[in-house]
Amino acid sequence: MPQPMMSSDEARALTQRVLAFATADETQLNLSAGWQGNTRFAGNEITTAGGTTDIRLTVTSVIGKRRASVSTNVLDDESLKRTVEQAERLARLAPEDPEHLPMPGPQQYASVNGYAAATADLTPEARALAVQKALGGVREAGGADADSLFVAGFLEASAGVGSVVANSKGLFAYHPDTSVSMSVTARTPDGTGSGYMSTGANDWAAIDPALLGRRAAEKAVASRNPQALEPGRYTVILEPRAVADFIPLLRRTFDARSTDEGRSPFSTENGGTKVGQKIADERVTLISDPTDPQLLTSPFSNDGLPNRKSVWIENGVLRDLSYSRWWAAQKGKEPTGGGGGFKMMGTDRSLEDLIAGTDRGILVTRFWYIRSLDQRTVMVTGLTRDGTFLVEGGKITRSLKNFRWNDSPLLALNRIEDIGRAERVESGLVMPALKIRDFNFTSLSDAV
Amino acid sequence: MTSRRDFLRSTTAAALTAAVARPASAGTIPSASAPVLLTPEPSAAPNELALTALQAARDAGASYADARVGRYRRQSIGTRERQVTGVSDSESYGLGVRVLVDGAWGFAGTSVLTTDGVREAAREAARIARAGRSVRRRPVELAPVQPVQGSWKTPIQRDPVDVPIEEKVALLFAANETALGVQGIRFVNSGMSLLREEKTLATTDGTLITQTFIRVGPTFSATAIQGGSFESYTHEIAPRGSGWEYIAGLDMPTNAAQWAELAVEKLSARSVDVGRYDLILDPSNLWLTIHESIGHPTELDRAMGYEANYAGTSFLSPPEEYIGKFRYGPDFMNIQADRTQPDSLGRTGWDDEGVPAEEWKLIENGIFKDYQTTREQAAWIAPLTGVHRSHGCSFAQSWGDVPFQRMPNVSLMPGEENLSLDDIVAATDRGIIFKNRGSWSIDQQRFNFQFSGQVAYEVRSGKIVGMVKDAAYQSRTPDFWNSMDMIGGKDSYWLGGTFSDGKGEPGQANSATHGCPPARFKNVNIVNTGAAV
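So the protein lines, in turn, are chains W and Y.
Using our numbering, you'd call the opening residue of the first sequence number 1 and step up by one each time.
Using our numbering, you'd call the opening residue of the second sequence number 1 and step up by one each time.
For reference, chain Y alone in the conformation it holds in the complex:
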């Protein structure tokens, strides 16, 4: 892990490789050519707009206010077989201002970026806060934070948005062509989503910061058809907080062959026999299980009922009955939350409340220790954790959305012994291996879940004996994690992640990475989800 000091202002093309991340074979990085796209200049400097909004909020009676000016540049390319199905490029630019008036929140967003426009938004936010006072039982109190001025940028070698569109399409077409060369493959879809987010935050505490986030997410899937049957395989290409060099390093044009072959192999895979097996999860599958069964229940807003109407609550509630008391899993289970891991989606300099990025343990030696928090939430559990500051988990998906508690990177730390997936397979008598994300579903308190993969294999006497299909594992979160009896080491640690972690009303998307090694879980229920019902 790099410390926060190391990456602050590290806007140069330093190739920071995670000590624990699977090394990316970046290969030769082409020199950056002239940007294809121009970025319109803002009508006024973001700092000035944000500070104008803050003053208007103060004038309207706000005891606290924060203003975010965000410029979001999103590009996506989709292809199927030998054609482009879509090229789109979008820009969204606006200001969101959040105020506290008499202890009640109000928020307003506007794309009218004039002095009058942002002042009106601030006044509207104050009006909304006042309107809500009558339905407020206790005033909001914010944990203290040290005011900061500075900037931060995702360390990258090449800005993905600026890579010529021809180069992007050529890479995807090359992958499609490779896959179409595999006998039995009829359809191929590939694509990429790219984001550049520039955000300026000013708060009445005196914070003024600018950050630039770069995120990339390539996709690939192939469909094989034989007789009246079809099978698709989607490869788990993790989205990352990285530059174009990450996509180039994946070598999709070569690897597409082995991915496509898996779709063909699925056609003849045998349907799984239901029953209890030792479950072996590759990191490409386990990351999402961590997200759903640890990431979400450790969100403090869920535990306190703030998501009861939508995303759900948490079985880790009330906090006083769980913090420091609840055994989540075995002694060797350590779950870290952070906003610092290189290449991760959750990496930042500060959150949307100006709280610096940090690392902390949610679960230590198997015992639940702490939640994810914002400045509003920190005091709710401070007497239990002794932590009086926010963990820096306040984010909004865009300028037009209100910030609220969002998941940071939540990762399962590798074991002390440097075991590989192969070592775990060799030690397993009767098991099923799952790779990549398939279908996933979990209840609103994060107990009962059923997950599957893109491919699954049966293990007998320490060896993989063949691919199986229609398999899913179904369990209950505390039973599941307490059944974990083997874990991979640092060389098997891999970063999965998602762009589309959904929560909140109106719904907002969040990006989070989950690092993990492979792991084994004893005696887990395997169900058959095939058509024969």
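The following block holds chain W by itself, in its conformation from the complex:
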């Protein structure tokens, strides 16, 4: 039941009403209000569908250097007053935080328009129609198996103000946005082939359900009867979805504090950092920037500070690290905020170009169940899934059994062979296809 968007004025009125109850030295409010609707399908039919609306308020009270947060979704005056009182009561009881900093006053933010009416208006009927279109796409591309492919998938849309920040120093930040994602899995009736395709955007108009169905079906059919290839080191072509599963694992390693404390792959033995040093192939540039037209994320963080553009790696050189307010103050730096999405710069080459330029390699649709093995090198383990193919002489020649692999995104960025076009894989995440040499496949998986 999509509800009218909480306007800036309404959000301001609600936060002022709550702040009026506050007696703490400082008070910060975080408000999220919105709707999400979803439709899930499996076995070529809708299995569940739902919609939820909620408004959530978090009150953070500071007394001296003591701080605590309480959140609630019960918004009558009496409950709001009690929530503020609870936060203040907890704050008095909490031990002093030696790293507490006064809350920031009013700030200037970049203008970001991440709101699309087509997403906010995506009704249950429109979602059911989208599922039908996806099923139609599967039938279109399924060939002889068109009517027997097993199809599953998910469509989810949300609209609202994901982030409103207000504090007792007069700061007020308001950012409405929408987000939609859709994914389709097709499986062959013999259980030996599976294909997956997904996409995400702020604007529903940018999503083509039939195309997702076609791609999933093509992959399912092509991936039937996979053959085993001896595990070992191979050149891989990772589709943007697989890259998006892998490279963003680096994001948290760009933290200045853990680097300065000797707990990061960018720490050096003498207590320094690798900032300014070459840590990846020179074609690699990784950024966060809320204003990037492909990212369009919130221009401010939970504490109301602007999310600045950060260039984590520029042409292979480690440039920026992320600084919390406290650590920035210790080190004489500007705080960086915490958002801004994540983007790896691409080229103008298509996935097909990368395949055509590969004499022998393995094409990977997506990864699954990635888990950390070693924080020191960002070594992780995971599996391939839903379409793994051998490429020979610039062409896909056969379907391969899935692999388990152990490798590191940091080390892999030093083994880049080629980079494709940067695509929006989901909201706030833009990745290109990557061709990487010597990717470390360690065992075979029977899973399809």
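Don't take each hint at face value.
From the derived model, a few chain W residues whose C-beta atoms are all more than 10 Å from chain Y [unchecked claim]: (1) Glu125; (2) Glu140; (3) Ala210; (4) Asp260; (5) Asn315; (6) Lys333; (7) Pro335; (8) Ala356; (9) Lys395; (10) Glu417; (11) Arg437; (12) Val448.
Straight-line distance between alpha carbons at most 25 Å, and here's what the computed DMTMM-like set of lysine to aspartate or glutamate pairs gives [stated by the list, open to error]: (13) Y:Lys325 - W:Asp446; (14) Y:Lys469 - W:Glu269; (15) Y:Lys325 - W:Asp190; (16) W:Lys278 - W:Asp190.
These aren't lab readings, by the way, just hints derived from the structure by calculation.
All C-beta atoms, glycine included, are put in the ideal place defined by N, C-alpha and C.
Fit chain Y to the supplied structure of chain W, relying on the hints for placement.
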């Protein structure tokens, strides 16, 4: 095991200790002081709201409806060294209504808890169901259930949410201080997550029940730094369906010393030699292997492809080729599913469809026997199992989420001989022991997995000869369980578990406990996951 009758309405402070659970040394339980936090009163009685939603659903054409009013109180505290990194307390209150219209599901959740608000949610759920009818091939049919009225509460001695924040922080700080006293330890993190969930369920079958679930999950990890190297150790403190007495009984302020020492010892551990070893898994590690390689593949929705787009399917599919036919492991392997074990996270009175908690065997004498089911699913395999009722596995993580099939407690029953971990080590010529959860990863049909621990030890000629690092075990589920050749007895049985078992789209978290003794697995592949690649 206590029977269902024993715990229904057992809201008193009865100290029910599992016959098979590792005894908790609860010590002296402090008398409960005045609650720090107040709970806002609902704007209308939950029963009334739920029944109003049901009537609106009927009026909108629903042939079946259930309405859940949930109030979730979550508190978490995080600390590092001598400071608090966060104290948060959250409350979420709302209603979710699920309807069947012409055999199609619709769901809506709202936090507007007025008569109009819940009626609108019910109408929206019916609209969503109607919208989906055109993409529905067969109508949903629900297994029968006896309507019930009643209440149930996790048996506890002291409500963890109501324990003063100072007492909680003092306990964590004491643990941190102990750890910082260990030479080589630079960083310590500790914390706790506490939940109180009050849930009222009404269904058009005539069920009206209220349940209160209490769950606690403390955490502790220490990091040692030496030269340019660092190692962390996270102790496996199982989350439980228990009160504050469980956290107090862990004696973290004393035990933190031995936990911190393990982080220091890891700095000088030798990197493991790859190869085949007899694998000895402590219950603190084995519980998660059970969760991943038995708990998930025996979910019927996965086996039927309902999770194909996300969490994955199951190698135990199609059911007719596996039920009663597939040898999962040796004769002494018995896997019980239940929602009844005392102190477990999965313990309930009823599920979100009003089905009473029960115990059943997923694997009996090594043979796969049954899946986890909901009312919608029971009929799918009833001709194969002879079980026409639901096993009671329908849950939603909150009022705003739709209930679907979730994992109950899934446990490996102890062996007849009362063997200990030491007995298994003494009988092993060349082996590796894993303790606590490290890294874990398994494929989408639950065949190929690679798991590690927080610490691992090499065994030679029946003795532990030293700690090794960078070790992980990699295997294939049927090969792995069929290689099990030794199992601990009832005194070595221990309950591990997780708050964050993820499944579904949109994703929902589920809490499940896995009890097990230590066990040995012959000739398993050990890989080195260290940095030298």
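Minimum Cβ-Cβ distance from W:Asn315 to chain Y exceeds 10 Å: About 25 Å separates W:Asn315 from the closest Cβ of chain Y, which puts it past 10 Å; holds.
W:Ala356 remote from chain Y - nearest C-beta pair above 10 Å: Label holds. Min Cβ-Cβ 30 Å, cutoff 10 Å.
Verdict on W:Val448 as a residue remote from chain Y, using beta-carbon distances over 10 Å: 7 Å, violated
Non-interface claim for W:Glu140 versus chain Y (Cβ beyond 10 Å): Correct as stated: the minimum Cβ-Cβ distance to chain Y is 17 Å, above 10 Å.
Given as non-interface: W:Lys333, which should sit over 10 Å from chain Y by C-beta: The claim stands: W:Lys333 keeps its Cβ more than 10 Å from every Cβ of chain Y (closest is about 21 Å).
Restraint status (C-alpha distance of Y:Lys325 to W:Asp446 at most 25 Å): 20 Å, holds
Restraint status (C-alpha distance of Y:Lys325 to W:Asp190 at most 25 Å): Holds. Y:Lys325 to W:Asp190 sits at ~20 Å (cutoff 25 Å).
Non-interface claim for W:Asp260 versus chain Y (Cβ beyond 10 Å): Holds, because the least Cβ-Cβ distance between W:Asp260 and chain Y comes to about 13 Å, which exceeds 10 Å.
W:Pro335 and chain Y, when compared Cβ to Cβ, separated by more than 10 Å: At roughly 17 Å from the nearest Cβ of chain Y, W:Pro335 sits farther out than 10 Å, so the non-interface label holds.
Non-interface label on W:Glu125, tested against every C-beta of chain Y at 10 Å: Not fine: 5 Å to the nearest Cβ puts W:Glu125 too close to chain Y.
Given as non-interface: W:Arg437, which should sit over 10 Å from chain Y by C-beta: 14 Å, holds
Given pair status - W:Asp190, W:Lys278, alpha carbons within 25 Å: The hint is violated at about 49 Å.
Of the hints listed earlier, those the structure fails to meet are numbers 1, 12, 16, in rising order.
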